[in-house]
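As you go down the protein sequences, you meet chains L and P in turn.
Under the working numbering, the first sequence has 57 at position 57, and the numbering climbs by one with no breaks.
Under the working numbering, the second sequence has 48 at position 48, and the numbering climbs by one with no breaks.
To be clear, the hints were calculated from the coordinates, so they are not data collected in a lab.
Quantities reported herein were computed from a predicted structural model and do not represent experimental measurements.
For glycine and all other residues, C-beta sits at the position ideal for the given N, C-alpha and C.
Mixed in with the good hints there might be a few duds.
To be verified - Incomplete in silico selection of chain L near chain P, CB under 10 Å:
id: 1; residue: A16
id: 2; residue: I18
id: 3; residue: S19
id: 4; residue: G21
id: 5; residue: V36
id: 6; residue: P38
id: 7; residue: T40
id: 8; residue: K41
id: 9; residue: T42
id: 10; residue: H46
id: 11; residue: V110
id: 12; residue: F115
id: 13; residue: S139
id: 14; residue: E140
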Amino acid sequence: MSLTDKDKAAVKALWARISKGADAIGADALARLLVVYPQTKTYFAHWPDLNPGSAPVVKHGKKIMGGVAQAVTKIDDLSSGLLELSELHAFKLRVDPANFKLLAQCLQVVIASMFPNDFTPEAHVALDKFLSNVALALSERYR
Amino acid sequence: MVQWTDFERATIQDIFSKIDYDIVGPAALSRCLIVYPWTQRYFGSFGNLYNAAAITSNPKVAAHGKVVLAGLEKAVKNMDDIKTTYSDLSVLHSEKLHVDPDNFNLLADCLTIVVASQMGKAFSGDVQAAFQKFVAVVVASLRKQYH
Chain L
1 MSLTDKDKAA VKALWARISK GADAIGADAL ARLLVVYPQT KTYFAHWPDL
51 NPGSAPVVKH GKKIMGGVAQ AVTKIDDLSS GLLELSELHA FKLRVDPANF
101 KLLAQCLQVV IASMFPNDFT PEAHVALDKF LSNVALALSE RYR
Chain P
1 MVQWTDFERA TIQDIFSKID YDIVGPAALS RCLIVYPWTQ RYFGSFGNLY
51 NAAAITSNPK VAAHGKVVLA GLEKAVKNMD DIKTTYSDLS VLHSEKLHVD
101 PDNFNLLADC LTIVVASQMG KAFSGDVQAA FQKFVAVVVA SLRKQYH
């Protein structure tokens, strides 16, 4: 389900409205992931504190959103644009790709709760497609 | 049998006492038809589903959204035996409507998004976890009579 020009425009438009809150979105989405899908905590066993609002969660949420921001700028060619991130996730982090879908869902829930008027059904379908394609690009180097 | 914590029970009752079924039902169903367009296959008789605007303003979609929420209310009122409560509904979806049960998860996701937009900050991580657990039990119960 590749991104049409309409999808790309919708994603960029939504991003323009929400990017100021990117850090908060990232922190909330990651915190939610750990609470709603507790199996994801297994990737962060080395953190002292996995609770929402804790320093490592907030910091890492910000980092994740940095990746999303990068993906938006590389929306025309996600597989090459996210190559380094894919190698990181494939060879170093070795995150099971099923988890990308879970984080994508949490991101959308956060955006819906923070920006209900902007997260229209049209914006939702475009973002859902975009995040699926980001997940695919991140999985690129896995095998 | 599903074990519910006090928090989960209270959260589900609270959410469903606060949301407007006439808004949430239609919003969730229309969002599902827009975000996952292949789900439209089950609604051939609903008329114009050609684009998001048509779907959102389609009266049959709205009416059916309310039917879906009314069905969900049965689960809210019978949290300790959703499986039995939904036995007939499960048979209906399998043998009469022929709905691929994977679609239940898609509608569930859209419902979560709509409730999140209604509740804003109040839809915390813990509330989301409780809501998704409830919805997962509903989906599993609807799948039960598929053979």
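Checklist entry - Going back to the hint list, which numbers does this structure go against? => result Numbers 1, 2, 3, 4, 7, 8, 9, 10, 13 and 14, in rising order.
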